[in-house]
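Using the sequences and the hints, build the whole thing.
Protein chains: 2
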Amino acid sequence: MNHIPKSHPRAKSLYIREKLVDAFDAGLVAKEGLMAHGRGEAFDYLIGEKTSKSAKKAILAAAFMLKNAQNPVISVNGNMAGLCPKEIILLAKAAGAKIEVNLFYATNSRRQKIYSALKKNGAGKIYGMDKKNSTKLSGLDSARRIVDRDGIYSADVVVVPLEDGDRTLALKKAGKKVITFDLNPMSRTAETADITIVDNVVRAINHLIKSCKNPRQVKFDNKKNLALAIKEIKTNLTKRASHA
Amino acid sequence: MNHIPKSHPRAKSLYIREKLVDAFDAGLVAKEGLMAHGRGEAFDYLIGEKTSKSAKKAILAAAFMLKNAQNPVISVNGNMAGLCPKEIILLAKAAGAKIEVNLFYATNSRRQKIYSALKKNGAGKIYGMDKKNSTKLSGLDSARRIVDRDGIYSADVVVVPLEDGDRTLALKKAGKKVITFDLNPMSRTAETADITIVDNVVRAINHLIKSCKNPRQVKFDNKKNLALAIKEIKTNLTKRASHA
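Sequence order for the protein chains is D and A.
Counting with the working numbering, you get residues 1 to 244 for the letters of the first sequence.
Counting with the working numbering, you get residues 1 to 244 for the letters of the second sequence.
Among the hints, erroneous ones may be present.
Note that identical chains are pooled: a pair holds if it fits in a single copy or bridges any two copies.
To be verified - Heads up, simulated DSBU-like pairs for lysine-lysine below, C-alpha to C-alpha not over 30 Å straight-line: (1) Lys12 to Lys172; (2) Lys136 to Lys234; (3) Lys173 to Lys239; (4) Lys12 to Lys173; (5) Lys86 to Lys50; (6) Lys12 to Lys136.
Keep in mind that the hints were calculated from the coordinates and are not lab data.
Structure below.
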């Protein structure tokens, strides 16, 4: 933290960055996760580092879908566990959802450290930890599709924050409803999911927890909402361009 | 590399990412450098992962400025040394410029490793290595402004690829002409520099080397060119939005 002068105009963003670096040092976050965070920072910058109108709408729709699910599961990776471990648990409680550790760059060490971080923050049962209970999502063949038989495999709704496009597609092919947080409204994940929340998960997750406590049905079309998110970025670019 | 399926639509970008991870493992790149790379990836995606019209114009202007400089210096950080060590040396030769290692998150170990990587790729004298020859840019007080007395300190033109806004400002205050590579046309660095090349340095540096061998004067206004770069992003967003 001592690298960052308080006067730096990007100090807030730099502090979150350092939080992720701490989680990396603690073994929760993969190197590739640091880069993924950087991509997120860039898109967050473009959406104005606030929860937009389109994101708020997606959050309402996501809360309603979660509260009406039979077996919702929140998929947790290293970045999520590093940035908002408490909020994951609050969301699981508010949504009545299971928590499953599910990693792109998977190692047992990282899995265990994420597990410990969640437990330390008060998590109940955590899925995705017992190899004997793991299986693969059908239709696709890769280690990355390994899921827990009693978690994502049997879920009807899966929350996949900060997700890879391939796996989102695999979840859809397996018949799941997918809710994602993705700061890039043009990513395959964004386009493949049923509900895409184009927002920084650190901000959006609090809104989602709140909405889960008071869910209400909203008319929602993900494609139209993504188009709106892109339009919001374009509007921000126009504003910023006037300073260039 | 074995993580990345060849069929992955972002395979090319993922390979460059892994190259940087290798440089990180070798001790050249800082953790914060991995995140900075991620931000670059996002903006590269938005400019369409190609050298745009505005970037080509900035490259021409930069080549002319470099070839007409008295004492041009290329500032090299870990990401640069990890991604294009050979090209840095080719650019220094084509432009008649010195090379100086100048780090945001500075450690002696990283400095030495960057030095070795450049030397291994055929670099001549490298500035910024001898503490006894270091000094601070006037007007600003931070370890990050430490520069070589015979390098950046006495330069008239400095190439600062992948730079921090504060330091760009410090260079300007010290009376330098600044050429930067920055994928974010709205960053302080982009706005502060005399010439901002809004392009992936991995692509742009080859164009700049070529232009240095055949420099020609062009009419160039950095503010106008940045506005054009933002317009290019907006056009790409419109194209992509049609798929959303």
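In rising order, the numbers of the hints this structure does not comply with = Of the numbered hints, just 2 does not hold.
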